[in-house]
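Participant: For reference, the chains in residue letters:
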Amino acid sequence: METDAAVSQLRRGDLNALSTLMARYQNRIYRYLLRLVRQPAEAEDLFQQTWLRVAEKIRSYDPARNFDAWLFTLARNLAFDHLRRIQPRSLDEPLAEDSPDETMISRMASADPGPFDQLMASERASHLAAALENLPVSYREVLSLRFEEEMKLEEIAFVLGAPLSTVKSRLRRSLEQLREAFEKGHGSEVWQ
Amino acid sequence: MSHRDEHAEIREQLALLVAGALDSDTAVRIARHAATCADCEAELERWQLISSGLRRLPTPQPSHLLFERTRAMVGAQMVERAEQRENRTVLLLLVSFSWVVTIASWPAFRFATGGLLSLLDIRFHQTWLIFAIFSALTWLAGGSAAVLLSARRQQERRLAS
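Those protein sequences? They're chains A and B, same order as listed. Under this note's numbering, the first sequence has 169 at position 169, and the numbering climbs by one with no breaks. Under this note's numbering, the second sequence has 1140 at position 140, and the numbering climbs by one with no breaks.
In short, the hints are calculated from the structure, not lab data. C-beta: ideal position from N, C-alpha, C; glycine also. Please note that the accuracy of each hint is not assured.
[Said to hold, decoys possible] Beyond 12 Å from chain A on every Cβ pair, some chain B residues (computed): (1) E1012; (2) L1066; (3) L1137.
[What the hints assert, rightly or not] Derived Cβ-Cβ restraints for the label pairs, each shown as a range: (4) L164/A to D1005/B: 54 to 64 Å; (5) I86/A to G1142/B: 31 to 41 Å; (6) T1059/B to S8/A: 36 to 46 Å; (7) S8/A to Q1154/B: 48 to 58 Å; (8) R173/A to V1147/B: 55 to 65 Å; (9) R1011/B to E154/A: 41 to 51 Å; (10) E1068/B to R65/A: 21 to 31 Å.
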């Protein structure tokens, strides 16, 4: 079933359409939420809230618009509401004080390397993941939307509710900061 | 623009180039420059490593249980909302029907009690007063029944959950 058809059926209250959409988007939405909040338990809770919100708001969704962007906007709003509620200090710092080099994404990278290792050394992968995890949430977000979700800049602007120029400048700053953190933490040998 | 200025400008754009955030003319111009400039070419390669690394970060998988739990939760919510919508529609129909019956019953009431009313010499404005009292009592009784039924249903739901 195509996404558009599933969305139309969901608007009519079809539960099978909900399952179709959830199966199609579950990995992407969960990954995006995890990039934002960094804690699996919080990401799972937000994942549930996102789909509850989808069922609640689907009648107000304009089918002429991009469903991906609409869905990610719902997820983003919930995640940022959640982030505003918790201590800001906890948002942009490494996860574990006792092992600052080990982070959520680096743990995932070492546990399930996937095809990444085929092209890049695993050490470099975990360094990059660690550097990403330590960026501010707005930078992690824009990098995830562009490189992982492969959204167009216009779609990212819709999700962020920001002008295209802001998206571009944030993208550039986040890449520069990622690279700086990548090189700073691991020296020039990371390019070898 | 001097060669140095162009070089600096291109360095600043390399990050956006690997992010696919530049227009095609600018991208071509930068690619041409990089092809003739070893420093920029090396810099571009580093940015490409960052870019490809980001595209290939492992995707965390939500648990199967999370999927099932979420689907069940959202499904229950959808069923409840559909039920609420259906209840609203039924209520609207019932209200409309009640009004029709109320209004239609008045001529029948007049017809049945016509003689009595004539004897009592009830005038036009009084008939409307009686009609208003009759309607108010009818609606009060109906409203009370609806509230009681609703309260009972909510209590049943609470007990069921």
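Participant: Range hint 55 to 65 Å: satisfied by the CB atoms of R173/A and V1147/B?
Facilitator: For V1147/B against R173/A, whose Cβ atoms are near 59 Å apart, the range 55 to 65 Å holds.
Participant: Taking C-beta pairs only, is L1137/B more than 12 Å away from all of chain A?
Facilitator: 39 Å, holds
Participant: Any Cβ of chain A at or closer than 12 Å to L1066/B, or is the non-interface label fine?
Facilitator: Answer for L1066/B: violated, closest chain A Cβ roughly 5 Å.
Participant: Check the following: the C-beta atoms of T1059/B and S8/A are separated by a distance inside 36 to 46 Å.
Facilitator: Between T1059/B and S8/A, where Cβ atoms are some 28 Å apart, the hint is violated.
Participant: Would the least Cβ to Cβ distance between E1012/B and chain A come out above 12 Å?
Facilitator: Incorrect as stated: the minimum Cβ-Cβ distance to chain A is 8 Å, not above 12 Å.
Participant: Just tell me: holds or violated, for the beta carbon distance of I86/A and G1142/B against 31 to 41 Å?
Facilitator: Cβ of I86/A to Cβ of G1142/B: about 50 Å, so the range 31 to 41 Å is violated.
Participant: Does the Cβ distance between E1068/B and R65/A fall inside 21 to 31 Å?
Facilitator: Check passed, 29 Å falls within 21 to 31 Å.
Participant: For the hint 54 to 64 Å, verify it against the beta carbon of L164/A and that of D1005/B.
Facilitator: 26 Å, violated
Participant: Indicate whether the distance between the beta carbons of R1011/B and E154/A respects the range 41 to 51 Å.
Facilitator: 26 Å Cβ-Cβ, so the 41 to 51 Å window is violated.
Participant: Assuming the hint says 48 to 58 Å, is it satisfied by the Cβ distance from S8/A to Q1154/B or not?
Facilitator: Since the Cβ atoms of S8/A and Q1154/B sit about 33 Å apart, the hinted range of 48 to 58 Å is violated.
In summary, the structure is inconsistent with hints 1, 2, 4, 5, 6, 7, 9 from the numbered list given earlier, while agreeing with the others.
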